[in-house]
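**Q** Could you put together the complete structure from these sequences and hints?
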Amino acid sequence: MSKTMEALREIFGCRVSASLAERYCYASDASQVQGMPDYVVRPENTQEVSWLLRFCSEHQIPVTPRGAGTGLAGGASPVRGGVVLDMSGMCKIVEIDIGNLQVIVQPGVVADKLNLALRPHGFFFPPDPGSSAMCTIGGMISNNSSGMRSVKYGTTKNYLLDLEVVLADGRIIRTGSKVLKSSAGYDLTRLFAGAEGTLGVITEAGLKMAPLPRSRKLVLTCFQDAETAGRAVISVFSAGITPSACEILDRLTCRVLKSCDPNVAVPDDGDVILFEVDGQESSTEEEALQIAEICRQQALSVRVADSKKEMDEIWAARKLVGAAISRLDPSKTRIYMGEDVGVPISRIPSLIKKVQQISAKLDIPAMKFGHIGDGNLHVALFIDVMDDVQWQKLRLAADRIHRAALEMGGTVSSEHGIGQARAEYLPEQMGEETLQVMRSIKRAIDPANILNPGKLAL
Amino acid sequence: MKLDLRSINRCVRCGTCRSVCPVFEESGWESANTRGRILVMKGLASGFEADKEVQESLNTCTTCGICTEKCPAGVNPPQLVEEARRELVASGIMTAEQSDLSMRIYGSGNTFGELTSRLAWLSDRSWLKAKSDYVYFVGCMNSYRYTETAKNSFALLSKFGVTVLPDEQCCGSPLLRTGFSAARLVDANVRQMKQIGAKTIITGCAGCYTTLKKNYPAEIRIQSIPEFLADHISELNIKSLPLKVTYHDPCHLGRHNKIYEQPRRVIEAVCELREMKANRENARCCGGGGGVRSGYPDLSQQMAKRRLLDVPEGVDYIVTSCPLCVRNLRDAGAGEKVIDLVDLVARATGLPK
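Quick mapping for you: the protein sequence lines, in order, are chains A and B.
According to the working numbering, the first sequence is numbered sequentially starting from 1.
According to the working numbering, the second sequence is numbered sequentially starting from 1001.
You may find that some hints are simply not true.
Computed footprint of chain A on chain B; a stretch qualifies when at least three of its residues, placed anywhere within it, have a C-beta under 8 Å from a C-beta of chain A [to be verified]:
hint, region
1, 1018-1029
2, 1264-1273
Residues of chain A clear of chain B, computed beta-carbon distances all greater than 10 Å [to be verified]:
hint, residue
3, Ser28
4, Asp38
5, Glu313
Hints listed in this document are in silico derivations from the structure and should not be mistaken for laboratory results.
Heads up, the beta-carbon is just placed ideally off N, CA and C, and yes, glycines get one too.
**A** Below, the structure written as structure tokens:
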């Protein structure tokens, strides 16, 4: 046994592994970025994390924090080896504090489980990534995750009140408090949101919660093409309505949805926009009718759904559609590349058109769906992974999609993060000088560069 | 190693299975959930040595199939796991527990290594029919451990003209689930089924049911006892009982074969049914299947204990229709509160205890 292993064993006992099987299982997340760790460690409390980071700083061992490993950019892939710190075992809901409108959690709590616990109190934690059934709050904070409801409710960073963070040298800090607002100094809480574990390891989080809406309604609209659909969306927002979700599903996506489950009540003869409104019964009623009215002028069909069962079915199908292509064609696998670009809302129709051109030119099929309400388009590219030529085309397609988004003043990632997969685009997106500020912050907090090295173009 | 890379590659590593795998709930290590197992298989296909941890990753799968149910990409992980186990065993790589289990079954024709008759529970065999359309396939567990259930099953079924195989052998399930061949046992059973002229085989064991359905000639119709009873409810002379019970869906009856409603119909003909917290396609595995009980008894019992937390309050019995589930849940602390569906029906039809 190596000296390092001996030291780790002494603190973590059977919660450390250096077996080939375990290291391989922790080598990647859901992206294509891989790196073999030397050790996997599963801490149970803040003190253990603190001890580990101090130890790794002293011995110059890279540490890559990880939640459920559902990331799509390699944020949790240990590209420089070292230790993978599996935080998913720290999964207690510490306190639900209704009076102060907040909940304190450990980072390994799974998003859906948190919401299951909040529901009886009439509250919820709004950020809702497609992976909410498995992703952890720690991972969500570190990627500043969001989902289809961010158009109204914002992203994870909008719900952070206070973080307990272990720094690279083992120091434990708190970045906020229980107050709902504070104007005291640098906003360190939000500095850690989207930092992808490069600045510290989050060991506890105080989160704001929102009251559950009394009523939801869904307006299903279908358009001849994505451009008409995009115009309708702009008309709805311009009328002063903020839907709680505003999703586009292109023709191909709807066909895949229908083939997987013919009972899903989604039109499949055009590009579909799903508008959801939430709030009081009277307001959702009124807003749903208003949206229907606005869209009717340009749409092929418009329908208001208000049965909970139907809405749940549609959203459940929508959440899983990304990987569903293999159900139709087992020789095809969805590869998460170029899957998370974002542009100003008004540019969405142009982006869709551009993606269509890229996909046609390279002969790589692409489903396009996503949060049109905040300009975030998910492109699902799928290939035969045993075919090297298709891999090459895929990489090319992803690169072109990223560059198209940047040309339109957009972002290479709206909610999945940069990790290593998209790091090469960061200089162009942020500008070299801005990136230098990030690098200065990183150096100041983690001078030995042990925390998740090789990510975020740092 | 020859593995179905086409299927393995369909996994997008989204982690949906990670959130439902009952083994992972107890273990916490990635290699002990479906996504991890698929990665381990990928590793094996690319030349990894099948060391102890690799075997443990593959062998701790109960093949409960909840991952298959939830997988958005349509992967069937239990099938892949069983294939990988077969490949390893074919190369002579297996744990001591696997080896013992196979030797026991090959040597005795049953999972326990018992050398006594499988039909000891049936004292009077003189009137057994040599020819019949229907055969009751008893299974190792009910033949040797739950003989009351075997008696009750036979008593319920015999009025419909059912007989048993004169020299029934283990259906082969424990071998097939853990990577071995069961050809000899299957052949021996099929030969007898043909001699009897059986058109339908009825079994009260979920494990046997899947195996008879998947690994036996397709021309023989296979029915589970819950299906058979549900088809004949009106002929059973059931008198309702003042009981409240819950139903545990055995993985190999529910998820693997979609038999959810028939046992519930039968129970509701007898008494009040209250559902478990996770039921039907979401039912949590009892932890007893896939060779996990024999290979990893502690892990298996932890899963059973967690399953018992799903039991609703105020029920008199936990009814199920798989002797493996009965045993694992009983051992996890529920004791005699766990009963087979057949025993509930037997009581409601006034069969002698």
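**Q** Next, verify each hint and record whether it holds.
**A** Against the structure, the hints:
1. 1018-1029: holds (count 4)
2. 1264-1273: n = 0 at 8 Å, threshold three: violated.
3. Ser28: With a cut-off of 10 Å, Ser28/A comes too close to chain B, as the shortest Cβ separation is near 7 Å.
4. Asp38: Fine: 15 Å to the nearest Cβ keeps Asp38/A off the interface.
5. Glu313: holds, 15 Å
In summary, the structure is inconsistent with hints 2, 3 from the numbered list given earlier, while agreeing with the others.
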